[in-house]
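Chain residues, written in single-letter form:
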Amino acid sequence: MIDNHITDLLTDYVDETLSTPQREKVRSHLIFCLGCRRHLDEIQHNIRLLKAVPTVEIPSGLEKKILNQWLSPASVQEKQKPEKIKRAEPSHGSFHFPFYKTLGWAVAGVLAVMVIRNIPDDTLTFSTRQQAVPVQSRHKEIAREPQTDALTNLPATPLLDQKKEGHQGWAMNLQSKTLGVPPALGEKSVQPQAIALNSASVAVAPRSEKQLLLKGTQSDKIGIEKQEEKMKAQPVADSAAAEPPFQELSGQNSGVIEPLETVISKQDAWEKIWKNHAEFQTPPATSPRVDFKNNQVIALFAGVKNSGGFAFQIAKVEETSWEGKPARIVYFKLKEPAAGSFNTMALTHPFIFKVVPRINGPTFFKKIR
Amino acid sequence: MENAARTDQNELMVLIQKEDPDAVARLVKAELPRVYNLCLKLCLHQSDAEDLCQEVFVKAFQAVKKFKGDAAFSTWLHRIAINAWKNRVRYEKRRFFGMHFSLQGPTDAEENESEIELVDKALRPDQRIEELENNHFIMKALDKLNPDDKIVILLKDIENRSYEDIAKTMDLNMGTVKSRLFRAREALRETYRRLGGRYP
Chain A
12 MIDNHITDLL
22 TDYVDETLST
32 PQREKVRSHL
42 IFCLGCRRHL
52 DEIQHNIRLL
62 KAVPTVEIPS
72 GLEKKILNQW
82 LSPASVQEKQ
92 KPEKIKRAEP
102 SHGSFHFPFY
112 KTLGWAVAGV
122 LAVMVIRNIP
132 DDTLTFSTRQ
142 QAVPVQSRHK
152 EIAREPQTDA
162 LTNLPATPLL
172 DQKKEGHQGW
182 AMNLQSKTLG
192 VPPALGEKSV
202 QPQAIALNSA
212 SVAVAPRSEK
222 QLLLKGTQSD
232 KIGIEKQEEK
242 MKAQPVADSA
252 AAEPPFQELS
262 GQNSGVIEPL
272 ETVISKQDAW
282 EKIWKNHAEF
292 QTPPATSPRV
302 DFKNNQVIAL
312 FAGVKNSGGF
322 AFQIAKVEET
332 SWEGKPARIV
342 YFKLKEPAAG
352 SFNTMALTHP
362 FIFKVVPRIN
372 GPTFFKKIR
Chain B
233 MENAARTDQN
243 ELMVLIQKED
253 PDAVARLVKA
263 ELPRVYNLCL
273 KLCLHQSDAE
283 DLCQEVFVKA
293 FQAVKKFKGD
303 AAFSTWLHRI
313 AINAWKNRVR
323 YEKRRFFGMH
333 FSLQGPTDAE
343 ENESEIELVD
353 KALRPDQRIE
363 ELENNHFIMK
373 ALDKLNPDDK
383 IVILLKDIEN
393 RSYEDIAKTM
403 DLNMGTVKSR
413 LFRAREALRE
423 TYRRLGGRYP
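Residue numbers (this note's numbering), protein chains in the order written: chain A, 12 to 380; chain B, 233 to 432.
Among these hints, one or two may not hold up.
BS3-like mimics (lysine-lysine), calculated; alpha carbons at most 30 Å apart, straight line [as the list claims (entries may be wrong)]:
1) K327(A) with K376(B)
2) K76(A) with K325(B)
3) K410(B) with K75(A)
4) K76(A) with K300(B)
5) K400(B) with K291(B)
6) K76(A) with K261(B)
7) K318(B) with K62(A)
8) K75(A) with K291(B)
Under 7 Å between C-beta atoms, here's a sample of chain A residues computed to sit facing chain B [said to hold, decoys possible]:
9) I58
10) V67
11) Q80
Which chain B residues stay away from chain A? Per the calculated CB distances, all over 12 Å, these [stated by the list, open to error]:
12) D240
13) Q241
14) L244
15) G301
16) D302
17) A303
18) F305
19) R311
Hints in this document: simulated from the structure, not taken from any laboratory. Beta carbons are placed, not taken as given, at the ideal position from N, Cα and C, and that holds for glycine.
Only chain B is shown next, with the shape it has when bound in the complex:
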């Protein structure tokens, strides 16, 4: 099954390398939801996620001829997304050097922008409120982790990727992925508690 999918994907990649617009459209349609969701969970800002998502596809199209097909295309795209996001985080750190200060706190626009509602809309109002609360703390805690820890948790616990896949995406060996996941989960536990999240 997986091999058949891989063959289809390789054929698609050949067409994309030949710059076939239909193939590009098919690929974007197939991969965009996953890439966008990954970007959204990395950035936690809708507009930033959209920018990052566009950047990922632009970079992918530029480098598509270098894609050898040794990993799944989605893994390759995720790798681009993660590297692009890490670059942004590094750029932000260097640019602002911790000098973001405000006399009146964040503006309303900034506050509203930072709120993404990761809640299932089919739930009852009380369940939605509870879930919103839980999601708020866990996503905030996740956002406070260092970028590598955040990525490994995102891929493992939200995206349900295998260790092997994570190792390929992050360009690490399996042992490192495991130890990083352990460290990241411990850090998440501490941060979640520190931010006011409650355990049952």
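This is chain A alone, in the form it adopts within the complex:
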């Protein structure tokens, strides 16, 4: 017994395996000891819950599978070795690494960081799909090219003259297809910015200047122009396209900052809740069109969360009945960031809207894990 309590006898008391004198002793103790009474209640509560766990029906086909295994001797022989546990293939964003493999990756990562930190600041190299050109000869070729950019008609930034500046080894020819590009003269401290040339080559230019240090071919320039035109035309094309019917919308930055689970059945209520929801947007987005004659919108707001990584998911919407009326149970999850995962450190307000068929009855919300 612990401190005059009779907790060690309670299990036997519950299972009625105590002798009569012991049972009487426990009973008389329970009259006066609140702690043991609570303890007993908790054990009984757990047993009640466990006994209430229902029996589940066998999945269809399982009996047949087992009988087939019995009837085909080959499969029985195959099964003589214990089956290895099947695991789902690791999907996007999730890794199931054995310990040593993970350790190997970690060491490789540390080495990579060490190598990168040892490269001089004014040296940058990028892989290209261009023909392998020896660094020295390529440098000369660049230096000989005209000093005006055909695309922008701006004078191109004078290139670093290796001999004049006395820089040695400004490019590291790490691979056979690696092309080093010198920083622009007098722009050593400017942070470089990558510019895609026809998605085949990469050059380095000073930030926010429309100048190309590495001259591309004419087709490259046409490619860029086409790409720019395409980008300009994109929003117009998007708005022109017919708006698809709104079904589900979720995200992390709602203007509704209180936790809320609701069903919207009318247009004015929808407008009102959407106005609150889009409060943080500039300009506020217009509410998506919903046919409230036939549909309703389920809206869930998680309130303020102190990081990214939270996301709503409606797992199942079950139609049922409640006091003779149709009813609905919405099973939803609020996915939380896993321990140790990398997430945005900002306040977020996760939300989800989902269009569901209209019913004239109550909706119950059930958060599942």
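Starting from the known structure of chain A, arrange chain B on it as the hints suggest.
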């Protein structure tokens, strides 16, 4: 009554040992629901439970000639199920060595798979929700216990087995079963509370 059942079972076992397909089918039909439910409550994953269930029957058929009939066949099958599950747990532990990590938490597929709805579908929606909540905490708490504690609680409180039967299934003596049950119930109480389960 029990003796008559035992005699029937022994006759059935003789037929199975002679590899009579009808007898095998009868036995599978009779024992599968209990074995599957035990496997499901051990694994808490439907697909894992199905795999384990198949493994149990395959092992049983392989070893059926060694079955002497000193215990009920269901006890013997449960024993196979429990040992197979314990092997799996041990294998999992060794294989992953606690190195299961994820950048974005469990995937949706994993999450959905882990949810088995142990709820009576005849209940009203509000009762179902309450029961789902209760079952969730108690099953989660049960899953957190060490394998031996989990088995003893499963057999005693869910399967309603007698101490004697549990002792045979787990190959322990009665005293050990009792002390293990006490320890397991205490651990379950603590874990249930820690996970957020509420007592009335």
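Comparing the hints with the structure gives:
1. K327(A) with K376(B): Measuring from Cα to Cα gives roughly 27 Å; hence the hint holds.
2. K76(A) with K325(B): Since the Cα atoms of K76(A) and K325(B) sit roughly 29 Å apart, the hinted pair holds (cutoff 30 Å).
3. K410(B) with K75(A): With a Cα-Cα distance of about 39 Å, the restraint between K410(B) and K75(A) is violated, given a limit of 30 Å.
4. K76(A) with K300(B): With a Cα-Cα distance of about 27 Å, the restraint between K76(A) and K300(B) holds, given a limit of 30 Å.
5. K400(B) with K291(B): Holds, because 18 Å separates the two Cα atoms, which is no more than 30 Å.
6. K76(A) with K261(B): This hinted pair holds, its Cα atoms lying about 12 Å apart.
7. K318(B) with K62(A): holds, 23 Å
8. K75(A) with K291(B): holds, 17 Å
9. I58: holds, 5 Å
10. V67: Holds, because the Cβ-Cβ distance from V67(A) to chain B comes to roughly 6 Å (cut-off 7 Å).
11. Q80: Cβ of Q80(A) sits 6 Å from chain B, so the hint holds.
12. D240: Per Cβ check, D240(B) is outside 12 Å of chain A; nearest 20 Å; holds.
13. Q241: Q241(B) is indeed farther than 12 Å from all Cβ atoms of chain A, at 18 Å.
14. L244: About 14 Å separates L244(B) from the closest Cβ of chain A, which puts it past 12 Å; holds.
15. G301: Non-interface label stands for G301(B): nearest chain A Cβ at 20 Å, farther than 12 Å.
16. D302: Its Cβ never comes within 12 Å of chain A, the nearest being 24 Å, so this holds.
17. A303: A303(B) is indeed farther than 12 Å from all Cβ atoms of chain A, at 21 Å.
18. F305: holds, 15 Å
19. R311: Given that every Cβ of chain A is farther than 12 Å from that of R311(B), nearest at about 16 Å, it holds.
Checked against the numbered hints above, the structure violates only hint 3.
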